[in-house]
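Chains as they are written, first to last, in our numbering: chain A, 85 to 430; chain B, 85 to 430; chain C, 85 to 430; chain D, 85 to 430.
There's no promise every hint is true.
Copies of the same chain are indistinguishable here, so a pair counts whether it falls within one copy or spans any two.
Below 27 Å or equal to it, Euclidean Cα-Cα: the simulated DSSO-like pairs (lysine-lysine) are [unchecked claim]:
#1 K362 with K382
#2 K125 with K344
#3 K124 with K344
#4 K382 with K135
#5 K135 with K362
#6 K124 with K273
#7 K87 with K224
#8 K382 with K196
#9 K344 with K140
#10 K344 with K382
#11 K362 with K140
#12 K109 with K140
#13 K125 with K362
#14 K125 with K382
#15 K135 with K344
#16 K135 with K248
#17 K382 with K124
#18 K273 with K125
#19 K382 with K273
#20 K135 with K342
#21 K87 with K109
#22 K135 with K109
#23 K355 with K124
#24 K355 with K87
#25 K109 with K355
#26 K125 with K355
No wet-lab data here; the hints were simulated from the structure.
There are 4 protein chains.
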Amino acid sequence: MIKVGIIGSTGYAGGELTRLLLGHKEVEIKWYGSKSYIDKKYYEVYQNFFKIVDNKCLGDSIDELSSMVDVIFTATPQGFCSSLMNEEILSRTKVIDLSADFRIKDVDIYEKWYGIHHKIPKLIEQAVYGLCEINRSNIKNARLVANPGCYPTCTILSIYPLLKEGLIDINSIIVDAKSGASGAGRSAKIDNLYCEVNENIKAYGITNHRHTPEIEEQLSYAAGNDVRINFTPHLVPMNRGILTTAYASLNSDTTYEKVKAAYDKYYDEEKFVRVLDKDVYPQTKWIKGSNYVDVNFKIDDRTNRIIIMGAMDNLNKGAAGQAIQNMNLMFGIEETTGLIQVPMFP
Amino acid sequence: MIKVGIIGSTGYAGGELTRLLLGHKEVEIKWYGSKSYIDKKYYEVYQNFFKIVDNKCLGDSIDELSSMVDVIFTATPQGFCSSLMNEEILSRTKVIDLSADFRIKDVDIYEKWYGIHHKIPKLIEQAVYGLCEINRSNIKNARLVANPGCYPTCTILSIYPLLKEGLIDINSIIVDAKSGASGAGRSAKIDNLYCEVNENIKAYGITNHRHTPEIEEQLSYAAGNDVRINFTPHLVPMNRGILTTAYASLNSDTTYEKVKAAYDKYYDEEKFVRVLDKDVYPQTKWIKGSNYVDVNFKIDDRTNRIIIMGAMDNLNKGAAGQAIQNMNLMFGIEETTGLIQVPMFP
Amino acid sequence: MIKVGIIGSTGYAGGELTRLLLGHKEVEIKWYGSKSYIDKKYYEVYQNFFKIVDNKCLGDSIDELSSMVDVIFTATPQGFCSSLMNEEILSRTKVIDLSADFRIKDVDIYEKWYGIHHKIPKLIEQAVYGLCEINRSNIKNARLVANPGCYPTCTILSIYPLLKEGLIDINSIIVDAKSGASGAGRSAKIDNLYCEVNENIKAYGITNHRHTPEIEEQLSYAAGNDVRINFTPHLVPMNRGILTTAYASLNSDTTYEKVKAAYDKYYDEEKFVRVLDKDVYPQTKWIKGSNYVDVNFKIDDRTNRIIIMGAMDNLNKGAAGQAIQNMNLMFGIEETTGLIQVPMFP
Amino acid sequence: MIKVGIIGSTGYAGGELTRLLLGHKEVEIKWYGSKSYIDKKYYEVYQNFFKIVDNKCLGDSIDELSSMVDVIFTATPQGFCSSLMNEEILSRTKVIDLSADFRIKDVDIYEKWYGIHHKIPKLIEQAVYGLCEINRSNIKNARLVANPGCYPTCTILSIYPLLKEGLIDINSIIVDAKSGASGAGRSAKIDNLYCEVNENIKAYGITNHRHTPEIEEQLSYAAGNDVRINFTPHLVPMNRGILTTAYASLNSDTTYEKVKAAYDKYYDEEKFVRVLDKDVYPQTKWIKGSNYVDVNFKIDDRTNRIIIMGAMDNLNKGAAGQAIQNMNLMFGIEETTGLIQVPMFP
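One chain only, chain A, in its complex shape (with noise of 0.2 Å):
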């Protein structure tokens, strides 16, 4: 059994990533870490898990608990997890990280779009961006993983296939993201009250996003040459879920064909990504509650231009469920372990 503590547990992606673990056949939770609730019950947050879970929430030694566990994942705000993070834990334990503290190879690009002081940007080096279709090799050696955001899996995930095969001008990707609440976590804010977000559609974090050099970083490997890209993410009002919608002009060749054979060439054998049928588009219904991104594109011949599309759970592939796919490959256990939930609807 791979032993498993996590810290930030009691947040929305802390809670799906117990939802999830509870489910995997080789995992044993030892440490359920929440600032804000220690010594209260776990199930006393989440009733969801009352008579599943008979834990009391404690707080976050590291130190401690990276004597205890196999692996830690790190479910906490911007800036927390580089804070505690050194090289006597990473030798003693695992870490996934589901914060943006290890994502960005670039220190200052980390620290100018996130206005926060880098604790130990040495480490950022070694870490691993933890993108399980696409960094799977690195992945399984990795000791610390930068579990992507939400928007950047989606994201990347959907337009991958046409940077990698030379499909589409580069200086032409526009991003628009759409997204349900959990996306904003579980903090007492006014914007995130049921009467602000609900019967509403907003744009936010238009051009300053922190999930835009994330993607672009990613993009970049893609396309072996540095992209810029415009993402504009909205608020939905809806639990959980992203959308995607992503343009692009067509470099002057490529063709549905291509296109087509470009996303079976990635995506044919992974479990996770479901290419649509033609003429089919995602919809964040049909992946709630999984692990699946559901990806498509469609053609428009009159302004040459392709549109992208795909759509995943924020909370699971976005977060949760990409963390224990990151750990099943670290583990070496088949990487599906635990994440075969079937996308539940309505």
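Given the coordinates of chain A, assemble chains B, C and D onto it according to the supplied hints.
Chains B, C and D in isolation, oriented as in the chain A frame:
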């Protein structure tokens, strides 16, 4: 492996059956019946099953089906299962009917409340009412199980211990129930359109909802006496979930301790009925996607009444989950097989 | 023009007051009070008022304010209005208090249920309970009006004729109420976050909700006898609207015709209470944004009980609309002025 | 008083027309047309009008109607108005068509995108495109007004100043739009059921939505050159509201100041277009129930693109409100009459 056929696999309850059965390690689905979508791929109706189920939808040729499978689930409109059923089919296969056709022992009451002529009343007697926590031993030997209605399951389980132990006035029971919209099924009616259900709450079936006699029959068995109730369901703008709030006058010497002891007596050993901690009350969000029923109560000394609450997923424990629980009992396998999903929140 | 000041103008009820008063042709708003947003433009808090209201938010200096305006609306937390109020203020201006401070005549009951020490109990006596349909003549002469609570307004108006005419057993009343989330106000609490309220229904304040004694007091006046009720409110995932479903046992000779006649007697001339046609029941979607209360009933011969339903917009007739209706009465202008909005659907 | 007839009064846009016209002090509604509900009381279809409208629904005998009223609103499916219309009717009454039949000047484009044979193309020329802020003077003299589509209204108004002033590359425009479910109308389709729309977001009409040529035609007039765009609408789980997020590349010398000046130039005097303050972006919740369009923009220096946002109530300014604004212009009365509702929040 238990070979399974589903008639009515493309309704919401049918979809949930499929979702749950796919995770049941001793089951193989051989027949996806759906009159409306014959020859269409099942995943074309429900894209959540894309790359998971490759079967086409089939019709309702129950004779053919009964020779192929060990058990048939009928998730069909009222009157349909009874019009197909006969001794011969039951001699070849077990049947779990998710409709109301075999729930009510008195055929006159069925015909009056449902406005349907019952085609094969002689089978009603041998049908077993599939409320597992209460009828477990009979279910084990049944060929034909009448899977309980959603409101009845939640109502009966939350009130049952009080009647068994004689703690409340049996003439005083009032049930005010609230359900999400999936309970209304997947038929195209103006009343079920998004804009009609959203931002609204309404009562319906006031004094004449068809689940009333089903609840009364079962509560009467528990009380050992005829029970008449008021039952008022409401439509709530959410997908899944039922909350029942019931009211009853306490018998003269009823105390908190006696009531608590009654719940513990009947449910301490039950996996799927969770009696919540004191002062914690059921909410539908904590049971979504699972087979749990959460119950609790509060005594109002000012009025000498007890308020009893139950929360349940109408598609799961209220339909598909309970049907599988019945199947497990009928086939002598562990009752919880395939039903250990942790509720999904948010 | 009536000069108006609002204390607590940036809560949800305050926002609704502003919206409605802006459409009231005999009113001029002179003071947008909001402790939390002093010096901020009102439209920066509520962008719906952009280019409509240019005022800045002011504090709660009620002395200054009382010299400037003809009437003050206090849409503030319990205990606040009574802590500010005194004879001098009331000698200068009228006051309509949307909080509970002056609703309950027995100060002990107020202090017990609210857990607040009442600062100026001697003013309670002269305060008039502002349920216009019932207290119209007293309101006309009032200096201080206690604007009714949302649940009480809907509950009392829907049951009132039955008690006045002695048609029901006064010891049998059970009120099961359902409200949208705006009733919880605009404070940043985890329980009110979008993901906590959405896709959920729960009961709260079971046996101890503060609106209970307010309802009981008014129903007791109507019955001419002490009335004790069970009152259970529920939180429904929608922005606005209250539905009350009440149950009572009929007195022996009560018939449909007598009940119908009672409703007609009290409400035939009332503009804002709509007794619906037979077999048509209240739904919150039909009154959204308006000052209407829709009521109807159904008799259940099987149990000899009556089910009484009422639907109302909690922010409008349940708060701001009724407050304006009170103002109209207090200033001797047409009662419906500024309140003739057609309900908005969908 | 202006005598008004509505054909299609029981659709969502028809209901909004009724709601708004009832508050219009110079209008009298003489005809509630609704083929589906002939002889039924209008309030039986929409209970919000109970005790407000007592009329019965009538058919679509436009000849009879045209002799009775000063203006007819047709809120009917595509192809219907053009099948009824002729010179004689227009000689007797004015017509405001809320469908697409007379919006597109090139009948071939209409027939191609709509797949409908246009019955009376000769009337297209005299029809005036009723986007009031842009076509005001022509509307004043029109007999037949083509009321703009919902997406086009929001899109065109938010982009118009940029094209008029030549600030963006006309080949670079991408419009990603989001709409609430009332835009899909009140027809009973599975795709529009509550459980299908709730907790979901999807794109639809990708590359081929019918509003595309309408937007392109109007933007081309503004640019003085052919404009081709990408337009992708999305369905959002809410009742009302459209948000458009548009992207375009800036021409070389475009600055923030120039853009801001362009918006001010065209909209400073406009009552219903609100250019928001810097760094405040449109949200649908702030315009619900009103005739406002909120617009704003942000320049992304990194990509030299501008992001332009518009928010609007699809049933109000996007349909009924704008239709009334057109009527006011056509009858020479104050343009804002009956349209001064403050947006309703929450």
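At most 27 Å between CA atoms: does that hold for K135 and K342 within a copy, between copies, both, or neither? between (53 Å within a copy, 22 Å between copies)
State whether the alpha carbon distance between K382 and K124 is at most 27 Å within one copy, between copies, both, or neither. between (50 Å within a copy, 23 Å between copies)
Within, between, both or neither: how does the pair K124, K273 come out at a Cα-Cα threshold of 27 Å? For K124 and K273, the Cα distance is within 27 Å both inside one copy (23 Å) and across copies (19 Å).
State whether the alpha carbon distance between K124 and K344 is at most 27 Å within one copy, between copies, both, or neither. between (52 Å within a copy, 24 Å between copies)
K344 and K140: within-copy, between-copy, both or neither at 27 Å Cα: between (50 Å within a copy, 25 Å between copies)
Same-copy or cross-copy closeness of K109 to K355 [CA-CA at most 27 Å]: Answer is both; intra-copy 19 Å and inter-copy 20 Å each pass.
For K362 and K140, with the copy left unspecified, which applies at a CA distance of at most 27 Å: within, between, both, or neither? between (49 Å within a copy, 18 Å between copies)
For K344 and K382, with the copy left unspecified, which applies at a CA distance of at most 27 Å: within, between, both, or neither? Classified as within; 10 Å inside a copy, 35 Å across copies.
My question is about K125 and K362: at a cut-off of 27 Å on alpha-carbon distance, are they close within one copy, between copies, both, or neither? Cα proximity of K125 and K362: across copies only (14 Å, versus 49 Å in one copy).
At most 27 Å between alpha carbons: which applies to K135 and K362, within, between, both or neither? between (45 Å within a copy, 14 Å between copies)
Intra- versus inter-subunit Cα pairing at 27 Å for K135 with K109: This pair counts as both: shortest intra-copy Cα distance 18 Å, inter-copy 23 Å.
Intra/inter-copy verdict for K125 and K382 if alpha-carbon distance must be at most 27 Å: Intra 49 Å, inter 22 Å, cutoff 27 Å: inter-copy only.
Of the hints listed earlier, there is not a single one the structure fails to meet.
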